[in-house]
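Chain C is already provided as a structure; the job is to place chain A on it using the hints.
Protein chains in written order, with the working numbering: chain C, 1 to 474; chain A, 1001 to 1195.
Since the hints were made in silico from the structure, they are not lab data. Glycine residues also receive a C-beta, built at the ideal position from the N, C-alpha and C atoms. Watch out, some of these pointers could steer you wrong.
To be verified - Stretch by stretch, here's where chain C covers chain A in the computed footprint (C-beta under 8 Å, at least three residues): (1) 1002-1015; (2) 1056-1066; (3) 1176-1183.
Said to hold, decoys possible - Here are the computed lysine-lysine pairs in the DSSO-like style, where the Cα-Cα straight-line distance is at most 30 Å: (4) Lys468(C) <-> Lys1161(A); (5) Lys410(C) <-> Lys1161(A); (6) Lys1161(A) <-> Lys1192(A); (7) Lys109(C) <-> Lys141(C); (8) Lys141(C) <-> Lys105(C); (9) Lys83(C) <-> Lys105(C).
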Amino acid sequence: LPLSGRRSRLALAIVAGSALLFAALWGRHAIVHAQSVAQNQLTVYSPQTSYSVPLLDVNGQPYAGLVELLEPLGSVDARADGKKYKLHFTPPGGRPLELQFTEGKNKGKVRGNGYKLPANFVVQNGRGYVPLSVTSDLIAKLLATDTELHPAPRLHKDNPSRLLLGFSSPVNPSIATEPGRVRLTFRHEPIVSSVGENVPYSDPLITGVTFSEHDGLAELDVTGTAPMMANFADGGRTIIITGAPAPAPVAQAAPAPLPPAPANTQNPAPQPRQPATPRFLVLIDPAHGGSDIGAAITPSLPEKDVVLALARRVQHELANRGIAASLLRNSDVAITLDQRATSANAARPALYIALHAANTGQGVHVFTALLPAANLSPQGFLPWDTAQAAYLELSGSVAGSVAAELESRKLPNTTLLAPLRPMNNIAAPAIAVEIAPPAGTVDEIASAAYQDQVAQSIAAGITAVRAKLPEVRP
Amino acid sequence: MNRRVLVMFAVLAIIALGLAFYALHLKRKVARDEQLAAQQLALAPPANGPPTPVTLYVASDSDGTLRRTQVNVTLPPERTERDRAVLRALLGQYLQSSSPHPIGAGADVRDVYLLGDDTAIVDTNAAFADAHPSGVLAEELTVASMVVTLNANDTKIGRVKILVNGQERETLAGHADLRRFYEASNIGQVVKDLQ
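Next up, chain A with everything else stripped away, as it sits in the complex:
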């Protein structure tokens, strides 16, 4: 084997090594981007159009309260999509790193369905429940803020039920009852206590 062949083999080996490192780098980048996308799912803008002010009841763990606030959200024209966008805006508040009521990364609302005119079925993803902090008050704050926020922006909605991945679940994270329908009027009483 002459010197030229040896040099060629060495060059090819270096190129192969470089490509292997580059492929590994790309694989890690894709995994990182996917993870980031999952975490930021609820923060994504829902639709085109002018931003509309929506009312959110945002929970705070430190003093166990719900605070009324307004944010601008771009809302789709369809009613259930609009309800979903409002809830995603609320979860978006909880997913921020400075959130006063942090919930699990990747928590999202998959869909909102209407039963008749006044009952909303909110289908959340698994991360919403699986990674939710466990505690009576912590879970109640999440449920109450979702129900009352939905009712504040779509006043026809009087009853809300929360599903996880399309399935009924016994509790959110060991405490708050998810088998029942929540009456907005009852939750309103809780919210008064929490304000």
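So here's chain C without its partners, still in its complex pose:
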């Protein structure tokens, strides 16, 4: 319907008003990241600038100076009058906003509204200080913008030959390893060091950590005396640097007892080892973990638990045959598919096995990656999405050998290609094994007798083709 003159003017006014409102909201949508540094400074990341603010320790609690905090984000006029403290902050292109606090009191005013601090306001040498925990909220209120406060990563050297890097939120750095060195590069996360630029350790394996930051690219460089590997834990909030697992001497390998689950470790603590020599390591990846339970085999039996138990049995059976094996996760932690592939490739195993379980079908399914074979050399750089293509022939040999062992134990089995992540990203021979219930009830999938038979088949199958699989120099 054509609009009358009055109605069209009204519509135009509504459209113009909406556009102005949208423009105003858009302009305010600037994100400021504030990251606290554990020891003595706060680093603020904003679209316009990044800067650091020294922190004041008041009765063991970190405080930030209001002027230092706000000055880089606009103009500040602060004044202390006895115990009263007034600050006028003017954001670029905005109107002055007032903050009022009283020394020794936790109540004040921000933009005319009452504001309660978690601890008393502090004035020292005419400068006003607020608790660190309210800095992000204050910036958000003054700039009308989203603000986040991230505690700094914690470096924790908890036992010999293991370094824990803790982060306030999940991180996904690129990880490069070379003998005696692990380099973590953070491209997407604002990271600052809590411990300085260079931290030496007097440890037989880990000799130091160096932190550097340039143009927003943070890099942690861990140096050591032997090959090391990085593993993710706690949903990406923790990175554990350990020595790369040592090979088990084949001739002298004694049967190992079934390992109990360590409470808080992701991998069994490997021993630091002497100079890199080729070794044969099988890396076992029990799928899922943490909040990712995988398939619900029964309402009370998640896939993640079934495969972790099976992984320990496979490790035990391999050890009985003199083959070193390591678990990608040895507790109930969530690891993303990309993190699994990254950790697996960093460990440079001779063979990677992913373990799965399902409540549909019957018997054991052995998979290799569904990829077109490619004439790629494992020696050069491999494309991430099709890294496995260079190893398909060896992967197929292992799958065939494991299937033959399953057959010899009269376990129903199928060998198939599968589009299963992260197998395509693994730069080593790789198979996946999915166990379904044996003929009988679904609960039997977790029975020791069934799992032992499957684990023995896998271990025997690997042992049979071991000579074909090249040992890898870590």
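Same frame as chain C, but now just chain A:
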């Protein structure tokens, strides 16, 4: 208040109570019908016209196989609508109560798009992935049956990608890779193994 007024109030109260019960009944009926309609979405006939025989590769969980079968489906004239109707017929098989490869209730194909002549983008709904049984083989059977069924009925389609609610998803239900394009020729090799 005389007796007549009291009787009138009693009659009105009974009528109000009856209407309230009737309204509650209607509300429940609408909810039930909506749920039923959502579950049977993939079973709805796609178009008018004579039924055409289409080839379906139907998965079976018990023996981990794909079986070739033919059903009659009324196909629309437009190519992408036809591809969608074929996939809905396949999902319809899986949604039946006696299905050898059950998938989540309400699973459906929202749309099929073509990139060039040989690449199909299949946009499924959230129920397709969210309620899909988790398992390497179970998920592979679903993906393989969709790709090979599409290729069997529209032979020009050589590559297939599956989206969920218009978005790329990492895996179907924790296992099968949904970030990649599936080559019908590769899947053909899998199907041979599964037959």
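A quick look at each hint next to the structure:
1. Counting residues of the region 1002-1015 of chain A whose beta carbon lies closer than 8 Å to any beta carbon of chain C gives 0, which falls short of the minimum of three for the stated coverage.
2. Counting residues of the region 1056-1066 of chain A whose beta-carbon sits less than 8 Å from any beta-carbon of chain C gives 4, enough to reach three: the coverage restraint holds.
3. Using a Cβ-Cβ cut-off of 8 Å, 6 residues of the region 1176-1183 of chain A lie near chain C, which meets the minimum of three, so the contact claim holds.
4. For a cut-off of 30 Å, the pair hint linking Lys468(C) to Lys1161(A) is broken: about 36 Å separates their Cα positions.
5. Under the criterion of a C-alpha separation no larger than 30 Å, the hint pairing Lys410(C) with Lys1161(A) is inconsistent with the structure, at around 38 Å.
6. With a C-alpha separation of about 21 Å, the suggested pairing of Lys1161(A) with Lys1192(A) holds against the 30 Å cut-off.
7. Taking the CA atoms of Lys109(C) and Lys141(C), the gap is about 12 Å. The hint holds against a cut of 30 Å.
8. Restraint check for Lys141(C) and Lys105(C): the C-alpha separation of about 20 Å stays at or below 30 Å, so the hint holds.
9. For the suggested pair Lys83(C) and Lys105(C), the alpha carbons sit about 9 Å apart, so the restraint of at most 30 Å is met.
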